[in-house]
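Colleague: Here's the letter readout for the chains.
Protein chains: 2
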Amino acid sequence: MENEASSEQPIGVFDSGVGGLTVLKAIRERLPDEHLVYLGDTARLPYGTKSPASVLRYAMQATAHLRSRGVKMLVIACNTASAVALDDLQRALAPLPVIGVVEPGARAAIAARPAARHLVLATEATVRLGAYGKAIRRLDPQASVRELACELMVAQAEEGWTSGDIATAIVREYLRPMITGSGAYQPESLILGCTHFPILGDAIRSVVSPQVSITDSAGTTAAVVASELLARGLNRTPAEPARLQLLATDGATRFARVGGTFLGEQLAAGDIELVDL
Amino acid sequence: MENEASSEQPIGVFDSGVGGLTVLKAIRERLPDEHLVYLGDTARLPYGTKSPASVLRYAMQATAHLRSRGVKMLVIACNTASAVALDDLQRALAPLPVIGVVEPGARAAIAARPAARHLVLATEATVRLGAYGKAIRRLDPQASVRELACELMVAQAEEGWTSGDIATAIVREYLRPMITGSGAYQPESLILGCTHFPILGDAIRSVVSPQVSITDSAGTTAAVVASELLARGLNRTPAEPARLQLLATDGATRFARVGGTFLGEQLAAGDIELVDL
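Protein chains in written order, with this note's numbering: chain A, 2 to 278; chain B, 2 to 278.
Isolated chain A, as found in the complex (with noise of 0.2 Å):
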């Protein structure tokens, strides 16, 4: 009985802002019953220039507030705050299960592509932090790994320069003294290390070579979710269709716009509920 009513429970998904809508559209297409539950903390993000200590208490205050709406599980679905926060997320809400990006995304990447040179592509609070290339050399000792903050791309992917000229320019701009010039470091698999990147594809694809393979969080995150659910008996057995309610903390009109963009589909103003932490 206990696992019939926390089975309807929803999955919480938690995110700086719109970017995490990436990894909830994978979790929404993989695991279309479960009812669910974003935020984004639109009122103070980017968390990529921020420093650790404030990407934890806002991580925290978000993470209290999804609690609040008794999720059975919880996504830290922003590299920034996966990178940061996780650990002292999991412990400060133990037993509840918190699942990152950072991880997922690595094992993705080595999947991808075994002991080769990855170039991580993330905001400047994640490469200070190393959090991928720990995760790498951990899972395999013989890849390499480089981590390169590309801030301009988080903007780009808000104001929905996804392709075209200058869209391209803007990241060749970041990836040029890596793949270009003799001593380049010349990766051979590319991880979005941002969930805003994963809208940049075509433009990040145009400008490196077709054997580099592109690796992002979302996918790989849907997957890990879905097996913890299972593993847990958590998963819901729909008797009406799943809900989805989207909450910010500023800003429902540019959440609408910019948001609808990474979800895939038309959002309105009225469709995201502001909320206060």
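It is worth saying that the hints were derived from the structure and are not from the lab.
No experiment lies behind these values; they were computed from the predicted model shown.
Do not rely on the hints blindly, as some may be mistaken.
[What the hints assert, rightly or not] Computed footprint of chain B on chain A; a stretch qualifies when at least three of its residues, placed anywhere within it, have a C-beta under 8 Å from a C-beta of chain B:
hint	stretch
1	51-64
2	153-159
3	165-172
4	248-256
Even for Gly, the Cβ is constructed at its ideal location relative to N, Cα and C.
Following the hints, put chain B in place on chain A, whose structure we already have.
Modeller: Chain B only, in chain A's frame:
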């Protein structure tokens, strides 16, 4: 005696982050004997994509902190905060003089080019409020005004991409619809309605005709500060050198690195005092 005492107090300068340092720099050049205390709300930047209610709340907290430091005058060196909150701040902090950057910027643009077609480059929030449009039309009913949100240019300035092909390409992408094609607005005057944009001056200059005037608020705001001090008898008579205090709500290292570009001098993380609002 009272005026002598208060003339020793610092001028407070507030911004959402480091962009306002372009205004601080102009004030320091114009008034080298004044003590200055600058507060950048880096924990919650950018303001340009936040809702007016959030921007107002943040600005109230930040200015309350500056008042607690005993400032004799307050400069809102952030276009978004000036557009959203100037009236409320003036009321809340009276009789402390509070000066924004929108009206000085509008005056400077009109002085440079009366009865002209102005184009304001600004953040989403500033554009949505139409603050420059209102100020210009009130001061020069012959003028016409359009406002253009250029969010990515904020990140571009913070990233230090101030010149070169990519810098020009981003600026051109925003300006193209306004300057190319029959029926384009063809502005005669550009107003840099975000304190980040002066450091992109060369890139902006390179994509418009030499006849277009380009105005920012920094110099004019400094002139308004100077005349207000004079009118109130609050000019400092230097006994010892002027002090500059830099405060931020997060990320001293990043503030020092990025802020140095805006202030035009090297900064170290130790120069920045972190404060909680």
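Colleague: Tell me whether the statement that chain B covers the stretch 153-159 of chain A is true, taking a Cβ distance below 8 Å and needing three residues at minimum.
Modeller: It holds: at least three residues are needed, and the stretch 153-159 of chain A offers 5 whose Cβ sits within less than 8 Å of chain B.
Colleague: Do three or more residues of the stretch 51-64 of chain A come closer than 8 Å to chain B, measuring C-beta to C-beta?
Modeller: Result for this restraint: holds, n = 3.
Colleague: Per the coverage rule (Cβ-Cβ under 8 Å, at least three residues), is the stretch 165-172 of chain A covered by chain B?
Modeller: holds (count 4)
Colleague: For the stretch 248-256 of chain A, do three or more residues have a beta carbon lying closer than 8 Å to a beta carbon of chain B?
Modeller: n = 3 at 8 Å, threshold three: holds.
In the structure shown, no violation is registered for any of the earlier numbered hints.
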